[in-house]
Amino acid sequence: MTAVALSRSRPAPVLRIEIRRSVVLWAVPLLLALFYFDSFRTAAGFPPVWTVRSSVITSQMISDFGPFAAGLAAWAASREGRRKTVDLVATTVRPAWARQASALGATLFWLVLAFLAGVAAIYIDTALNATWGGPPLWPVAAGVVEVGTFAVIGFTAGALFPGRFTAPLAAIGTFLLAEIGFHAALQMNPEGSTYALLSTATAVPLGDNGVFYHVAPDVAIAQVMFMGGITVALLGLLTLAPACRVSYRGLLSGVDRVGRGLCVAGIALLASGVAASSTAYALAGTAKLTVSGWDIPALHDAASDQPVSYTPDCAGTSFRVCMHPAFSGFLSDANTALQPVAAEIAGLPGAPVRAEEVPSGEGVGHGLVLPGLPRAGLSGTPPVYTYISDDGLAPLWGSPAAVDNAGWRAGFQQAFLTALVTGPPHAGPGPDAAVLSPTAAQQAVITALMTAVGSTAPGFGEDMTNTGQPAAGATPAQIAAAAQRFASLSPAARHAWLAANLPALRAGTVTLAQLP
Amino acid sequence: MTTTDLQKPSAPAAPARWRAAPGIRLVWLHWRSRRVPAAILALAVCGGVLRAALEWGWLFRTGHFAQEFPMIIEGGAAAVLVITAHSPFGEPERTASRWLPYLRLGTVLAMTGVAIGVLQLAVTGASLDGGILVMARNVIGVTGIGLLSSLVTGGLLAWVLPMAYIAFAEYALLESWTNPWTWPVRPPADRGAWLCACAVFAAGVVAFTIRGARTRLADDS
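Line by line, the protein sequences are chains L and Y.
Read the first sequence against the numbering used here and you will find it ends at 516, with the numbers running on by one and no gaps.
Read the second sequence against the numbering used here and you will find it ends at 1221, with the numbers running on by one and no gaps.
Bear in mind the hints are in silico, worked out from the structure with no lab data behind them.
Honestly, I wouldn't trust all of these hints.
In silico SDA-like pairs for lysine to any residue, Cα to Cα no more than 25 Å straight-line [as the list claims (entries may be wrong)]:
#1 288(L) / 1058(Y)
#2 84(L) / 1123(Y)
#3 84(L) / 1033(Y)
#4 288(L) / 308(L)
#5 84(L) / 1094(Y)
#6 84(L) / 1152(Y)
#7 288(L) / 269(L)
Since we're looking at a predicted model, the values are computed, not measured.
Required output: the full structure, derived from the provided sequences and hints.
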């Protein structure tokens, strides 16, 4: 076997050398440090729900890995030009595309390995804390493809424009692309934004995302298709690059130099990449917001719209506090908070017999009222108090030990009592109507009931209107005095008055002076 | 032709315009060897992108996220700036030129000023969040990080650490960190942030002036 034949038949040794000498190895400690401070700590601050924590993979981790993938790949691609060995390596038997493939492969090897190590760290930490569900794989696929796409963008820039500024400009450019995607994601409206959907950056999802309903993989599929298309198209461009560097008259000789087969392959790659990206762009434009997130009709599986079956975890005897098993770590705190106030209102007309967690609905966060979704508040016969994870449990996420649990308990109790005392939320007049705060008498009763169970007095938003008038029709001092008066009654007297007057109080017809 | 002529060939005559100002020619040659004109062009591109982002609404104009986009551009400008630390001549230049430290110092200070000026020019009339103070502080501080980094990695890879710092500062911004060493997230007039940024810049400039960037690239070993 000649040296030429050996060189042609064994690309693996070259790849091994490239992997061993890759510049990415130098940056891996830096990437891992950045990952720990940014991505890992951010994920650890989210609720231990697989879907929510995995959102970090396509947001923070891309910001941490993407720019360096592009910059370091550009650096690797410009090596021959930087070391002035272009003519030297041009005389070797190995074609340019094979050398570039080895350099790109080695760069991708370390980048993807470091990225997957980060994913593993997040998923192991989630597995140790989660009480329900399993690791979603679509965010990992989208993240790996995006890192690969950023690397190929940088590599192409480095190969086509070798220069000392190419690497940092590639890094900055991709950093900005990710940032613009994040900006678009935060400003997403129910009508959707194609760029925001194709960018993997997302706003922090709701705490129960993927818990009550499956997260449809439609958008992830479109993202992988879009970024994969860009990658394939750029690889085609890299294959064609030697032929493109000649003048029009020398085009045929350029094709001969590259090889006709390679030229055909390059054109095919370019065309298929552009087609895949264009298709994904068109598909993303048809996305609709539903209860399970963004659905793309052409990719959507209607079976994924069905609620996920589960058996709620409950605590308490006469008054039951139930929540989804994904949040069962918070059940004890929620039960401890609600039992005293539930005992205080037990037997009153419309008093709930049970508290139950219901889905927030991804669309609700965007201002949509989605049909078929239970609403937070009191409903049903016998009445059940329903709450959502983001309003009720959010302050307990991350590091429960650092949370002001007394403050959280008071807030949770206030929401519970407000639902009983005020009924369904009342909105003010006009198209931009805000939910009206409780009346002065309602505020006084809620305050008194919370005082009776030993909680801190609640707050009800702004005390004064823009015109300087008391927002609830009475000053905070007047409300506090009435609350104190009501709280000083015996429990039996307080209960008897509420039993007789709760409907009127809920209707807003009871004034502060009418409170005993 | 005598032996002396062979041993000491006469140097090619400099163009007439340089004869009167050899110092200016030296500076110009130093800048060309560091690709300073291309760096100024790259800085102009950074300024153009920032202006485009302001005009076309790619960034938040106020609030918590308003500094995210400008911070990347400012870090990028600093990264471009420190790339000019790389010398294509290596050791021979160090041993032969006694003016080299002064040229390095002058180049860094001039390029920092140019970077701030170009970015300020780009946002004139567009009300950038934080204004020129935050922009200048970010460019100065991140340039200092890049110059210190160039002593270890060489000038061509000196962009890596500044970009990592900017990525970390993005996290610090979202988490509302208040440490002075996370100066990009501090208010414009924050004294501690200014002290940190200026200290890092001063350390970087002094070390770079005296030692220069590493001439052997970090991935050559």
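**Prompt:** Regarding the pair residue 84(L) and residue 1094(Y), is the alpha-carbon distance no greater than 25 Å?
**Reply:** Between residue 84(L) and residue 1094(Y) the Cα gap is close to 22 Å, so the pair holds against 25 Å.
**Request:** Assess, step by step, whether the Cα of residue 84(L) is no farther than 25 Å from the Cα of residue 1033(Y), and give holds or violated.
**Result:** holds (16 Å)
**25 Å Cα cutoff - pair residue 288(L), residue 269(L)** = Between residue 288(L) and residue 269(L) the Cα gap is close to 31 Å, so the pair fails against 25 Å, i.e. violated.
**Request:** For the pair supplied as a hint, residue 288(L) and residue 308(L), confirm whether the alpha-carbon distance does not exceed 25 Å.
**Result:** holds (20 Å)
**Item:** 25 Å Cα cutoff - pair residue 288(L), residue 1058(Y)
**Value:** Cα-Cα ~23 Å, so holds.
**Asked** Do the alpha carbons of residue 84(L) and residue 1152(Y) lie within 25 Å of each other, as the hint requires?
**Response** With Cα atoms ~23 Å apart, residue 84(L) and residue 1152(Y) stay inside 25 Å; holds.
**Request:** With a cut-off of 25 Å on the C-alpha distance, tell me whether residue 84(L) and residue 1123(Y) pass.
**Result:** Distance ~39 Å between residue 84(L) and residue 1123(Y) Cα, so the pair is violated.
Comparing the model with each numbered hint stated earlier shows that hints 2 and 7 do not hold.
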